[in-house]
Every structure is written in C-alpha cells, then in structure tokens.
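Line by line, the protein sequences give chains A and B. Residue numbering for the first sequence follows our numbering, beginning at 1 and increasing consecutively. Residue numbering for the second sequence follows our numbering, beginning at 1001 and increasing consecutively.
No lab work stands behind these hints: they were computed from the structure. Each residue gets a CB set at the ideal place from its N, CA and C atoms; glycine is no exception. Keep in mind that a hint or two might mislead.
Claimed, not checked - Taking CB as the label site, the calculated pair distances span:
#: 1; chain 1: A; residue 1: Glu183; chain 2: B; residue 2: Ala1107; range: 35 to 43 Å
#: 2; chain 1: B; residue 1: Ala1201; chain 2: A; residue 2: Ala161; range: 31 to 39 Å
#: 3; chain 1: B; residue 1: Pro1086; chain 2: A; residue 2: Pro181; range: 50 to 58 Å
#: 4; chain 1: B; residue 1: Ala1014; chain 2: A; residue 2: Ala129; range: 37 to 45 Å
#: 5; chain 1: B; residue 1: Ala1108; chain 2: A; residue 2: Asp211; range: 42 to 50 Å
#: 6; chain 1: A; residue 1: Glu202; chain 2: B; residue 2: Thr1109; range: 35 to 43 Å
#: 7; chain 1: A; residue 1: Glu184; chain 2: B; residue 2: Ala1161; range: 19 to 27 Å
#: 8; chain 1: A; residue 1: Arg40; chain 2: B; residue 2: Ala1107; range: 49 to 57 Å
Each chain, written out:
There are 2 protein chains.
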Amino acid sequence: MRLRAELVPRPGLAFPDVALVVDVIRATTTAVAFLEAGAREVWFAPDHPSALALKARGFWVAGETRGLKPEGFDLGNRPLEALAAPVAGERVAMSTTNGTRAAHLAAATARHLALASLWNRRAAAAWAAGRAREEIAYLAAGKEGGLGLDDAYTIGASLAALEGEPEDGALAALAIFRGYPAEEALGRSAAARALVGVGLAEDVRAVLEADRSALVPVLDRREGPYLVFRRSGP
Amino acid sequence: MRLRAELVPRPGLAFPDVALVVDVIRATTTAVAFLEAGAREVWFAPDHPSALALKARGFWVAGETRGLKPEGFDLGNRPLEALAAPVAGERVAMSTTNGTRAAHLAAATARHLALASLWNRRAAAAWAAGRAREEIAYLAAGKEGGLGLDDAYTIGASLAALEGEPEDGALAALAIFRGYPAEEALGRSAAARALVGVGLAEDVRAVLEADRSALVPVLDRREGPYLVFRRSGP
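Sequences and hints are given; from them, build the entire structure.
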C-alpha cells in the first residue's frame, strides 16, 4: 500500500484511490464533532453563500471567516460548540476558509473520501485501510495555500497507525509527528496563532485530544455543489 | 529574523528579502561543484534550448532530462563530474528539470538569491544571515511539483545553523532534518530512487557530504532570460 501525503494543497492534484482531508484547526475536527453530536449529515459548501442558501431547507449553518462566525451563520467552526449543539438527527452545512475547499479539491478525483483530525486519527486510518486498493493519500488543508504544521503533524499521527510504503510527503509527516509533542506542533502553527489572536485559544486545546472519536465523516454523495458526509463507525 | 521554508514550489510565491533555492539532488549541488572547479559564472537557463544557445558563445552546457545528459549537452547534472570538469575561468550554462526552474521562480521577487545544498549548507546560511533584513526563505525545488524529502532535509540542515523564528514550513524542515540520518532522508526520496533507476546511485552518495564547500552561488545579475550566478566565499 502506497502511503502518500500532500502537505500543500494545489490545483491539479489527483487522488486515484482513497483520500483523507485534514484541517485539524478546525474544520475536520468540527465535522467529526457534529457527527458525534448526532447530526445526520454534514454538507461541505463551496463558499459561504452556498452554505447560507441551505438555511431555507432547515440546515444548521456553521463556518468561519478569519476564524470567527460569519454574519448570518448559526454556529462558528468550533469543535466543542459543535459537540454541544442540538443537531441530533439534523443536517449541518459548513463553509470555512481552508478545510472545506481542500475537501472539494480532493473530491474532484478521489474514489473514496473522508475527513480526518486528531480526534479520529486512528479511526480514519482504519477506515482507509479497509477500502484502499493501492494508495491512501492524505491532503492537508494548510494555511492560505501553504504548509500548516498542525495539519502535517496530524497526518503523521494518522499515518503512524498504517502499514505501507510512505513516499516523500508521508515520510516528512511522520518525522514531524515524531519530532514534536502535539501541543508544540499545533501550538506553534500559524493556524493556532491566528486563533489565539482572535481569542480562541480554547479551540486549539480542544482539537489536541487524539482518538477521542471513533467516527469518520465519509463522503456519501454529491448534491449539486455540495459534498455530503455521513458517519462511518459505531 | 523570520525563518521560512517553502517545501513545495508553486506559482505566486513571493520572496521579499533573501531566498535560498535548494535542489540537492542535484542542480544546486552541481552548481556549487562548478564554482569549486573554478568556473567564472554559472548561468541558469529557463529551458534546454536556451542553454544550448549559449554554446556558440563559448559556454559549457550542462543539465539533464529524466536524470541523464540531454542530446547536445557537454555535461550531465553530476556533482563529481562538474568538480572534475576543466571549467576554470570559464562559463557554464545549466538547465535541469526542477532546480533551475525553482531558481527562476524565486528570482522573480527575491532581493537576494543564492543556491544551497548539503555541500554548502552552513556557508549558505551564513551568507543569508549577513544580508537578510527580516526574512530568510528557503525554496525547495521538489520533485515534479511535489515535496521532495531530500530537499526538505537539506533545508532543515541549513536552517539548523541559523537563529530566528521559524514558521510552519521551517519547523517542518527542522523536524525532518532531526528525524532522519542524511543517508535515509536522501536515499528514500523519490529523486534518489529515480537516479538509482538510471544507474546513478553514485550521485546520491556524492551529494551527502555536508559542509564540503565554503562557496555560495549568488545571483549576480540577469542576462535576458538567464540567471547569472557567481561565487561568494573564500
């Protein structure tokens, strides 16, 4: 099994087999949290207006702009808030700066697609191993188009649970995972520093808890421009 | 001093201050080797035809396609061959697949530009520290647009000689440098495996020797589409 990590998202990347998108601070952690809270589906919108358009169909709308809840949204992009939200049995629409966009990039080609974070790093790896034929590829959402140390660390943490032949990016992610404690890798990242800057240091602490969840948000289908994730897991 | 590493080259990257381009296997090692051999200047061409065009002006022409010396070129992209070439006092034109292109990307914006490899990792860091005002940025040539473990390791090896505030990419490169022995980081890279595949395993061994050279190829000027590097150092 080829183990691959794309640490910088960019147009033209192709994912022939299984892809896992990682935006640990915070979109893919928040998506796991919504499913933990009992949400029936999480829809990743391509942009904010498309997310808001689902409000009329009874969706909760969650997301962020520069870290904060956008005008008109019901919820931010906050894992603990999502976990406590009364969304059981309901549908949630999400739109964020990096994470939901990276998911759309991977969805353009992947045969199977799911979302990974530290919360579900082992569960996501196991889900991938059960479906991949030749390659498990992680895609980091990154920070405004560049490498995010937080996502690279998280990819390494999930890859460490897999057997296979790592290529350059996966070997890099594994070294990052082994080289820093979680608090340091996430805490020193630009994504964390931006959150601290808007008063959301609590969210950085919240995403650190490895293996808190056994749920994996898996792409079930597309609905127009939306990616519809449902839970895989117990 | 901000310490930055761009591990994946991509259009639109901007370098406001000092930039160091790294293609350890092999273009930036070979460029150092030509200067060690006494070459007066190394010109990085934007493509093979532009390199060949300099032959009529008395240049040696060196480079590679899929690892090997292209038709009509005098020399390959081989550090030990370059070191032994009778180029003292002469000019060399180079065109390669990843390295010379990355240099052109960085040259579009950098205030100062030089080439780094394991051979001159400390000398290149010291040169950069002597010129930078706010940022020292490394750009990895990578492998066909993706992350190269060999270049990421080399960037970490050079960054380790600097004091400053590393951002996400630099922290990643430092972890890669600390996480693998040089033989492993370079040997497992896609670039090395491609070279071994064309019978050039010797070149992978050759580029490993850290601090073999005190020379730094520094961008002196542009001549039309060419980047002209001259030596800085003893």
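Going down the list of hints, with the structure as the test:
no., hint, verdict
1, A:Glu183 / B:Ala1107: 35 to 43 Å, "39 Å, holds"
2, B:Ala1201 / A:Ala161: 31 to 39 Å, "33 Å, holds"
3, B:Pro1086 / A:Pro181: 50 to 58 Å, "53 Å, holds"
4, B:Ala1014 / A:Ala129: 37 to 45 Å, "40 Å, holds"
5, B:Ala1108 / A:Asp211: 42 to 50 Å, "45 Å, holds"
6, A:Glu202 / B:Thr1109: 35 to 43 Å, "38 Å, holds"
7, A:Glu184 / B:Ala1161: 19 to 27 Å, "21 Å, holds"
8, A:Arg40 / B:Ala1107: 49 to 57 Å, "53 Å, holds"
The structure meets every hint from the earlier list without exception.
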